[in-house]
Amino acid sequence: GESVGLHLPTLSVQEGDNSIINCAYSNSASDYFIWYKQESGKGPQFIIDIRSNMDKRQGQRVTVLLNKTVKHLSLQIAATQPGDSAVYFCAENHSGTYKYIFGTGTRLKVLA
Amino acid sequence: GAGVSQSPSNKVTEKGKDVELRCDPISGHTALYWYRQSLGQGLEFLIYFQGNSAPDKSGLPSDRFSAERTGGSVSTLTIQRTQQEDSAVYLCASRTAGFGETQYFGPGTRLLVL
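Listed in order, the protein sequences are those of chains L and Y. Heads up: take any position in the first sequence, counting from 1, add 7, and you land on the working numbering. Number 3 in the working numbering belongs to position 18 of the second sequence; there are no gaps in the numbering.
Do not take every clue at face value.
[What the hints assert, rightly or not] Here are the simulated DSS-like pairs of lysine-lysine, each with C-alpha atoms no more than 25 Å apart in a straight line: (1) L:LYS106 to L:LYS49; (2) Y:LYS0 to Y:LYS42; (3) L:LYS106 to L:LYS116; (4) L:LYS116 to Y:LYS42; (5) Y:LYS42 to L:LYS106; (6) L:LYS75 to L:LYS106.
None of these hints come from the bench; they were simulated from the model. For clarity, every value in this text was computed on a predicted model and none was experimentally measured.
Take these sequences, add in the hints, and give me the full structure.
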C-alpha cells in the first residue's frame, strides 16, 4: 500500500465504545488476510485472520469482516480498552506465494 | 510456547561500522522473513528463507546488506558500512512451511546509526 509517512491515520474512541478499523487491500487474488496490533516499541502481534471463503470471523472481543467485492477488510474491537491503544495494520497473502502485502496501519487512541 | 526472539533489542552504532542482527524463529518454523520498518512506514520486505531452498534476496536495498540462515534455524542479518538511512526497526518473522499461513513476528531490533 501507499506510505503515509509519519502521519498515520488516527482513530480516537472513548473507552468502552466499539472501534472499527478499515483496510483496503490491493490484490484481488489475495485469499488470506491477517490483522496485527503493534504497540509502541514492540513487534507486530497477531490478532486474527480470515480466509477468502469466509465473510466474517470472530475472536475474543474482535471481529474481522471481509468484503471481496470491494476488496475491503475491517477489524471491529468491542468495548475498547486502554490496552487496545496501538497501531493496527492488515496483511494480505495469496496462498500460492510466500510474500505478504502490508498496509501502513491505523493508530488507535483510546480516550479515558 | 516460545515466540520469535531477536537480539539485540537496540543497537546504536557509528556510521561506517558493521552490525549483525540475530533472529531465532519459532521452533519448527521453516520459513523466515526479514523486514525493515521505518518510522510511520509499512513493512519493507528484505529477504525470505524457506528450508534449504535458495533465499529470495530481492528486497535487500544494497549490497551492504546480507543475511544467512544456518542449520535451517537461526538467521543473521548483516549490514556493512552502515549509513544513517539504515536507521530503522528490523523485524524478523517466521511461519510454518505452508503458504497462506500466519507469520509471527519478533520484537524487532531498533538500529540507530549516528
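To see whether the hints hold, each was checked on the structure:
1. L:LYS106 to L:LYS49: holds (22 Å)
2. Y:LYS0 to Y:LYS42: holds (24 Å)
3. L:LYS106 to L:LYS116: violated (30 Å)
4. L:LYS116 to Y:LYS42: violated (37 Å)
5. Y:LYS42 to L:LYS106: Roughly 12 Å between the alpha carbons, so the hint for LYS42 of chain Y and LYS106 of chain L holds.
6. L:LYS75 to L:LYS106: holds (20 Å)
Taken one by one, the earlier hints fail for this structure at numbers 3, 4, listed in ascending order.
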